[in-house]
Amino acid sequence: MGIQVSDSIYREICEFLYLEAELLDTGRFREWLALLTDDVRYHMPVRVTRERGAGTECVDTMAHFDEDRRTLEVRIRRLETGSAWAEDPPSRTRHFVSNVRVQPGQRDEEVMVQSNLLLYRNRGDAPQADLLSAVRQDVLRRVNGNWRLASRTIVLDQSTVATLNLAVLL
Amino acid sequence: MQTHPPSEFLERLRQALETGKLPLAVFSDPMLYALEKERIFARTWVFLAHESEIPHPGDFVLRYIADDGFIVTRGDDGGVHVLFNACRHRGRQVCRAERGHATRFTCPYHGWTYKNTGELVGVPHQKAIYGEAGLHRAQWGLLSAPRVERWREWIFANLDSQAPPLDAFLGGMQWYLDFYTNKSAAGLEVVGAPQRWVVQANWKLGTDNFIGDDYHVAITHRSAMDSGLLPVPNPDFLFDAVQVMAGPGGGAFARMPYTLLGYPEAMVEAFKRNLTPAQARLVEQGLFLGNGALFPNLSFLNAPASLQPGGPMTPFFTLRVWRPLGPERTEVWSWFLVEKDAPPSFKEASYRAYLLSFGSSGMLEQDDTENWMSITQAARGYVARELYLNYQMGLEHLQPLPDWPGPGTAFALGYTECNQRAFWQTWLRYLTEEQCETTER
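Here the protein sequences come in this chain order: A and B.
By the working numbering, the letter at position 39 of the first sequence is numbered 39, and the numbering carries on one by one without gaps.
Position in the second sequence counted from 1, then plus 170, gives you the working numbering.
For the record, the hints were derived by calculation from the structure and aren't laboratory data.
Keep in mind it's a predicted model, so treat the numbers as computed, not measured.
Glycine included, each C-beta is placed from N, C-alpha and C at the ideal position.
Do not take every clue at face value.
[Said to hold, decoys possible] On the chain B side, residues computed to face chain A include the following (Cβ under 7 Å):
#1 A267
#2 Q365
#3 W367
#4 V368
#5 P479
#6 K517
#7 L525
#8 S531
#9 Q536
Please construct the entire structure, taking both the sequences and the accompanying hints into account.
Take a look at the structure:
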C-alpha cells in the first residue's frame, strides 16, 4: 500500500515540488537530476483537439517528451557543452506550481501527486514571453527517507505548442 | 498602401541571385509574403498527409495550405478526399477536431450536413424554405481542393486547377524519395500524430536548411556531438557528402553505410531489393540520403542518434512541413514515420532516437529553430533590404559529377550551396512568372 497522506507529508511534497521548480529556474540541472529515481519515466504526450465524445485528447503513441533517466541526463549534458545555442544565453523561466493534490500511491513508499504548472519563458531582450500551462501527474517515492520523482506525465493545455522549442523542462 | 513588392525589387533579387547573393529582407518582408501566398501556396503542390494517418473509411485529419484549412478524409467510398473546411451556407467550419472518425460533418450553425466525401446530404427544412426545385444539393457540397494527387502514400493538394500533375512537378526528385520510402516493401507509417509548434521565423528558412545546408551541422549541432547523442567520428562528417538536386527538390547523401546508421542487415538487404540496380549501387557504396527538401515547404530527414551516449546508433525518419503563418511566423509540423513491418524493438528505438534529436524537444532541432528565429529578427529592419547575404559557395568552381547515376545534378561536396540557390531560383520563378512549370534538371 502507498503512504497515507498526513499534513506533514503534504507539506514535504509541496516543498519537493517547489525545490524542483527552483532548481530548474536557476539552471541547477544536475541537482534536479538527483531528485529522480533511477527508473523515472518523464512523459509529455502530444495532444490533439477532439470532440467531447472522443474522450482523451492525448495521443498514446506520440509525445513531445518520452524520457528515462539516461535520456534526461543526455539533455542536461548537452546544456553543459557550451554549444547548446537554444539555451545560451539561457531562457528566463519561472515554474509556478499550484493546486497540489496528494493521494496514497499504489506501491509501497509512493504517493500520487497532481499539480498545475504555469511555465513563463522569456528569451533575449524580447519583452513578450511564452506561456505554457499544464497539469502534471507525478508519482513520488520515498527512497532512504528522501522524496524522489518516479514518474511524471505532463499534459499541456495546448495542441500546437506556443514556444520555439522544448529546450526547457516542465 | 503597397501590398506587393515593386517589380524593380524582384528584378534586383533576380540579378543578385545570379551572383549568389540575396537580401536579408527575404526572411521578413511582408510584401514578399503576400506575393508568396498568392503565387506559391495558391499554385503549387503542398504536402498534407500520409495515407497511414487515415487508414479506414471515415478517418479524417485537419490540414492546412497556408491559411486554408482542409479536411483530409478517407471517404466511405474508400477514396481520399480533401475538403475545404467551411460550410457552403455561411462558412462555418464543419470539422472541429484535428483528427477523428466521422461518416458525416454537420455544421453547428444551421445544421447543413455533408458526407465524408463532401456531398451535401442534409439541409434542415430544405423543401419548405428553398422550394421543391430551389436548392440543388449536388452543387453545394464541401469544396474539394482543386487538385489532389498522391505520390505513393503521400497526399498532396494544389489550389491551382491548371497546375501540372504532381508526377511532373516532382520529376527526378522521385528517384531520390525512394531512398526514404523503400526500406521495406510494406512501406512507412506515421506513428501517432505530428507534433506541432510555432516558431517566430520565416518559413523559407526550414527549406533553405534541409535542402542542402550540410555546412551548419558541425557548428550548430556541435552540442549533439559533444554530448554523445550523435557520435560521429568527425564534426565535419558531411563535408564530403554528395549533394543532389532534381526537379523542385534536393538533398544530400552522407558517406556512411546504412548498417552503421543502425539499420538491421536484413532491412538493408530488403532495401536494396526494393531499389533499382542503379539506386542499390549507391547503397552498396556506403551512401545514405540524409537531409532533403521539396519546394516549397516539405522537408525530410533520415538520420541516426545514440540512445546511450556514444553507443550504437539508431536511425529515424521524419517528414516536416513549414506552414507559413505570417512573414515572421511558421508552424512546424513534424511527423515521425517508421517501416510498417519493422520489429517492435526497432520501432521503439527509432521513436526515441527521433524524440531526442528532432521534433519539438529534439536536441538538434532546438538549435535550428533558434538560428531561424534569430535570422528573422535581423531581417526585420531597414538595413536588411540592402544587406546582401552570401550564397556563393560552389558558384564558380564546382563541377557536377559526370557519371552520377541518378537524375538531376550531383556534386561531390557537401559544403556547397547549389541546392539553396536552386531553391531560391524556383521561388523567384514562381513569384515572377505567370506559368510556372517545373524545369527538369
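Evaluated hints:
1. A267: Since the shortest Cβ distance to chain A is 5 Å, the answer is holds.
2. Q365: Interface hint status for Q365/B: holds (6 Å vs cutoff 7 Å).
3. W367: Nearest chain A Cβ about 4 Å off; hint holds.
4. V368: Interface hint status for V368/B: holds (6 Å vs cutoff 7 Å).
5. P479: Hint on P479/B: holds, closest Cβ of chain A at ~6 Å, below 7 Å.
6. K517: Violated - the Cβ of K517/B stays beyond 7 Å from chain A, reaching only about 10 Å at its closest.
7. L525: It holds, given that the least Cβ distance between L525/B and chain A is near 6 Å, below 7 Å.
8. S531: holds (4 Å)
9. Q536: holds (4 Å)
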